[in-house]
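K.L.:
Here's the letter readout for the chains.
2 protein chains.
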Amino acid sequence: MDDFIIPDLHNMKLPKDLKKLDKDQCDLLCSQIRQILVDTVSKTGGHLASNLGCVELTLAIHRVFDSPKDKIIWDVGHQSYTHKLLTGRLDRFDTLRQEGGLSGFCRPDESPHDAFISGHSSNSVSAGLGIATAMKLKGSKRYTVVVLGDGAMTGGLVYEGLNNAGKSETNLIIILNHNEMSISKNVGSIAKYLSTLRTKQSYHKTKDVVEKTLDKTPLVGKGLIKAIRSSKKAVKNVMLGSTMFEDLGFKFVGPLDGHNIEELENGLKAAKRLRQPVIVHVNTIKGKGYAPAEKNPGEYHGIGSFEVATGNPDVVLPDSFSSVMGEELVKIGENDESICAVTAAMKYGTGLQMFAKRFPERFFDVGIAEEHAVTFCGGLASQGMKPVFAVYSSFLQRGYDELIHDLAICNTHAVICVDRAGIVGDDGETHQGLFDISFLSDMPNTTIYSPASYSELRLCLNEAVNAEYGIRVVRYPRGRNSSCYDLGPACTTYSHIKNGGRILAVSYGRISDNLFKAEEQLNNSGIVFDILKLVKVFPLDQKIVDIFNSYDAVLFFEESYRYGSISEKYAAICSNVVPYAINGFIKQGNVADLLDKCGLSAEKIAERIKEIANG
Amino acid sequence: MDDFIIPDLHNMKLPKDLKKLDKDQCDLLCSQIRQILVDTVSKTGGHLASNLGCVELTLAIHRVFDSPKDKIIWDVGHQSYTHKLLTGRLDRFDTLRQEGGLSGFCRPDESPHDAFISGHSSNSVSAGLGIATAMKLKGSKRYTVVVLGDGAMTGGLVYEGLNNAGKSETNLIIILNHNEMSISKNVGSIAKYLSTLRTKQSYHKTKDVVEKTLDKTPLVGKGLIKAIRSSKKAVKNVMLGSTMFEDLGFKFVGPLDGHNIEELENGLKAAKRLRQPVIVHVNTIKGKGYAPAEKNPGEYHGIGSFEVATGNPDVVLPDSFSSVMGEELVKIGENDESICAVTAAMKYGTGLQMFAKRFPERFFDVGIAEEHAVTFCGGLASQGMKPVFAVYSSFLQRGYDELIHDLAICNTHAVICVDRAGIVGDDGETHQGLFDISFLSDMPNTTIYSPASYSELRLCLNEAVNAEYGIRVVRYPRGRNSSCYDLGPACTTYSHIKNGGRILAVSYGRISDNLFKAEEQLNNSGIVFDILKLVKVFPLDQKIVDIFNSYDAVLFFEESYRYGSISEKYAAICSNVVPYAINGFIKQGNVADLLDKCGLSAEKIAERIKEIANG
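Here the protein sequences line up with chains A and B, keeping their order. The numbering used here runs 14 ahead of the 1-based position in the first sequence. The numbering used here runs 14 ahead of the 1-based position in the second sequence.
Simulated from the structure, these hints should not be mistaken for lab results. Certain hints may be false.
In this list, chains with the same sequence are indistinguishable; a pair is considered to hold if it fits within one copy or across any two.
Within a straight-line C-alpha distance of at most 27 Å, the following computed DSS-like cross-link-like pairs (lysine-lysine) qualify [unchecked claim]: (1) Lys-155 <-> Lys-27; (2) Lys-345 <-> Lys-283; (3) Lys-371 <-> Lys-152; (4) Lys-27 <-> Lys-557; (5) Lys-265 <-> Lys-83; (6) Lys-150 <-> Lys-27.
The structure presented is a predicted model; accordingly, all values stated were derived computationally and were not measured.
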């Protein structure tokens, strides 16, 4: 041991030098990495448990494969922190999820080691198959390695990918990182099925025994009887593995201990030798190596900064649009047995845990399956139930066709609570809610509410639930209502504040607040303008058009992508409407800063108004 | 046999009286129904083979269940003709797919026996689960019966539905109608897997034997050896059935002979008794009972009218936008090895069969899996390939999130050929291509071409393929180019025809033609107007804005849904632009009639121009 060298991440050529480490050095490196993860995430916030769970796995992957020549794809990407540390991003790791810093997900424009973008679940197999197919067509013998959590297995896109990948003659290796946790506890039969695979018995040992015996059967039967007698379950497992994956055309390796570097590397090397699509089943423990996270991984999935010793997240939001929606829906559910609440693996994020506790039989967590969630709502509604699907704006994009086909065409009544609408911040371009206004207002039979306060949210939710037909959307931002103005009596239509100005400033949702701030800022400038705060933003309203036409200029500020926006739709009717919306994808950053960049801060709004007022 | 009564569909109470028929009467009825199907579809066009394949199955369902109290859902719905005949729509059956007539798919507003809308594939399990769940919550003991083709099994939405349905405690019965044909020959591992289930051996017999033996094993092993020796495959099948479906939580019944009424009814009654989610596997022969269709079911999937004796479809379209695209892509592929063609089970419909034949290794039919198709293209493109995904407009809706997440965010270069764009006609509201312009132009990093002629289509396709970044969309209508005007030299930008008018009429795609027709019609009225024909319709172009601003009035006629349309986007910038687009969902009908209804015929366009000209 005298020639033992403590590995120093800061002075290694990464990922190359990882291959030079011996087992003890690997173990030491893993604990160093865990320390970095806990220290950093405690300051920056981010996904802790999922990353602590795959430290050894990530190290093993980089020791067995050659990134970026071999392509590594992380589904969702919230488990890619160690990958970032091992591919030359250690020195910038403290900028994680900060404006201009490292993304909390995989970004090809951040590093050549991030082979494909990640953020939305379940796209990795399809992307990996595309990459593996391209390499095959170009005559490359390189590997494509996909790392997939069991949570992502609940999304239909993965299944479409597996259905096509199994029969492909590519060097595609799919690592199923099985920790029995997606964002909230895993749901659905596939989870149950995978758990049966998560068996103490080594799949391979059992399999060899039984296959050999089966082959010999006609000659000697005793062996088989022994195998059966020893464990019926073992046979079942062999057959399980052999159908769900091998009959989809994959070779199956595993289950492997996801915290045993040697076992992992042997398994990955075996998969490499097969040179065909392989599923490698790896069992990991979410939060591994950090007691508080191991004990309560849910809490540490995606968190704000927290205190390392106790591990208590210092950001808890009972005071948020999400929780207000959740509380109000419970109230509504008390008096209306037809209310059903649906979430796609975001029970806690959407505030539906309260409804789930109170009305378990009317609560449905469908897994990461937004398409199913929408169509399921269509089925419920067709029988007179009142489904309420609470979902993040950027994830609802998955249900676009189902919204049109299974709800809008029949003018079916369903409520969609669009959470995380508008700019979300730290999670970047894959998670911003920029498009829901455009794609929902471009759909027939849709009504959209955008409350600016908790009281308006409650009113809108009640009105939406009690409507008789059509898709009723209630959209609201992430986090708490930071409004510091009395916006007058809450309503579900609009508020028109008249100061005798010839200019009208218009907005909806949380941005409305900035109109009032701007008014204060312009107080002494002698510039006078009126304010219109919309709550029901779509369909367009003739009353609103008449108000617009009564002004010289209408400045419409909107926290939404510019094309398909409400301001654009009104501008197409009223020639005096000037839209100020968001001009493209928005990278990660502080919400206030990003709003300012987009020209939606009080200061920027005041500037625009000033320009117009001064002609 | 003297009391044998020939069943008379016209004078039966349907579906009630079906239960009174004996086996001989059922067989007789089935041949009567097949005659009606062939006669009608030969006149109206529609889906023949799929309907001929499930005559007995449909009859059996209506004899075992009580529609509409029990809910019957037909996935896609192109196999629901017999269901329509047996539920009181016989007298109107000759109006199939005609304006104001019966839909070729299921429509709840057409009959209470159509429990849910159908048209887009793979939504039936999710919708059925919603219905079954609602019935359970309301305390009903009724059944929900879903009929699913093996083609629909390639769609991820089905998998999301199965994953949730298996564990539900509902009376949901899913009939897997297995004919080994989706629209084109089935692809993917699931198809292979299902075929292994399509075994001569009766699943149940084998299963009983083996299960009994397994139970007894510790005591007597001989039985098992016998079972194994008799057929290893049998055991495999048991385990197959028991994993893919039973481990998803379903009971499994089948495979049943889909053309044997008694076997079908016994199987369905068995499923009924189980009172839990069941998969019933039924083997059918597509085109059953009509020789030409049996011989070549592909040709008879969705067809125009044809001649009964020979069964030759009288509508074949080598002369169509689809085939011109297909031919041109082969030409491009000859000189560019990076071109890959992708289809979602529409090889023939999109004209890609030529590319498939010439470059099989660069052609990918991914099954009915539009999400995967888009993300797969993202993977291919990330390695320098040039993917071209040819897809029907209304089906591309399924890939909305993937277009944003897996292509647009990274500004990845991929070509989307949007076929069946605009009004499609006979297939109705689920198949009209009304939304592609809105959702694609509301996406950053997207360019949209809408050629009006074959020569423009060729130019646009080449420009799209040779671009360096971004989503390049080429959209074109179903069928042939019926333009009778020389639109001047083909281009990929725009043509501006000046007649010295103060009014400008604008359009793109096939509608442009009607501007010239309108010009003729107004020839003697003294009304003079100029014409602008757009080819690259998005992004918006300052040159176009300048042209618009040089006119008194700009009338923009557009074959697209009004909200999110190009005309609306220009109207938001240019106050003199008046958009004329489509105002909502469009039911089935003749394309020319529907265009006229939407105000897009030459006559209606001429009227609008006249109104404006005469102030």
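K.L.:
Name the hints, by number, that the structure is in violation of.
P.N.:
2, 4, 6
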